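**Student:** Read off the chains here:
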Amino acid sequence: QKEVEQNSGPLSVPEGAIASLNCTYSDRGSQSFFWYRQYSGKSPELIMFIYSNGDKEDGRFTAQLNKASQYVSLLIRDSQPSDSATYLCAVYNYGQNFVFGPGTRLSVLP
Amino acid sequence: DARVTQTPRDKVTEMGQEVTMRCQPILGHNTVFWYRQTMMQGLELLAYFRNRAPLDDSGMPKDRFSAEMPDATLATLKIQPSEPRDSAVYFCASGLGTVQRYNEQFFGPGTRLTVL
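Protein chains in written order, with our numbering: chain W, 17 to 126; chain A, 719 to 834.
Among the hints, a few may not be true.
Claimed, not checked - Rough simulated footprint, nothing fancy, chain W against chain A, three-plus residues with beta-carbon under 8 Å:
#1 756 to 764
#2 771 to 778
#3 823 to 830
Stated by the list, open to error - Sample of chain W residues facing chain A (criterion: CB under 7 Å; computed from the structure):
#4 59
#5 62
#6 104
The set of hints was computed from the structure by calculation and includes no laboratory data.
Computed from a predicted structure; not experimentally measured.
Ideal Cβ placement from N, Cα and C applies to all residues, glycine included.
With the hints as extra help, turn the sequences into a complete structure.
**Tutor:** Below, the structure written as structure tokens:
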């Protein structure tokens with residue numbers, strides 16, 4: 017059973033701080049890694065995609081991938097109350113299915 | 719303002735009935751995804767298409783679910799016969815299927831399906 021694990025939270029951070037969201041996965045053959053953001057009652061949004069070890073930055077978001085340790089993380093710099101949402105990690109091994117984590121609920125406190 | 723549209727937005731049906739959900743991807747997008755979300759199972763990818771061809775439908779129960787793209791402007795997800803455990807929100811998303819732009823994936827508003 018391929019698994020993707022995330023802390024369900026809520027993870028609370030003060031406004032302006034760095035929020036760090038973590039995700040571990042069991043399938044060593046996984047090749048692509050995704051972070052989705054979902055506001056309560058809304059559709060998900062794909063916010064980051066990474067497939068190489070290291071960091072990928074996009075605005076205030078940085079995805080970090082370490083395949084040897086089988087984890088992927090999402091850092092949100094200068095966190096804003098509008099970042100309060102559930103963040104879902106997904107892992108894909110080509111030819112097999114996407115596997116989603118249960119999501120981490122982030123709360124950014126003003 | 720380009721967006722993914724899904725119909726119907728809400729569907730209530732009885733067990734055993736056929737359900738068809740429709741999705742109109744953003745014009746020019748060549749990749750279409752179908753997702754399902756429930757409280758118990760979370761978000762799951764059911765199938766995805768590139769250039770109208772199914773690339774992966776390993777997440778979809780084959781005995782009752784089918785997904786097609788009859789043309790570039792329409793994707794359908796059909797359940798026959800429906801069961802109460804199919805109750806969920808079904809999302810369609812479209813995007814451009816190149817590695818560099820894979821993070822541009824736009825979701826529709828979802829179809830909330832309730833099977834009684």
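**Student:** Does each hint fit the structure? Answer for all of them.
**Tutor:** Hints, one by one, checked against the model:
Counting residues of the stretch 756 to 764 of chain A whose CB falls under 8 Å from any CB of chain W gives 4; the rule of at least 3 is met. Note: the stretch 771 to 778 of chain A has 3 residues with beta-carbon separation from chain W under 8 Å; the three-residue rule is met and the coverage holds. Evaluation of the coverage hint for the stretch 823 to 830 of chain A: fulfilled, as 5 residues show C-beta separations to chain W shorter than 8 Å, against a requirement of three. Taking 7 Å as the C-beta cut-off, the interface hint given for residue 59(W) holds, the closest approach to chain A being about 4 Å.
Given hint, residue 62(W) at the interface with chain A, holds; its Cβ is 4 Å from that chain's nearest Cβ, closer than 7 Å. At a threshold of 7 Å, the smallest CB-CB gap from residue 104(W) to chain A is about 6 Å, leaving the interface hint in force.
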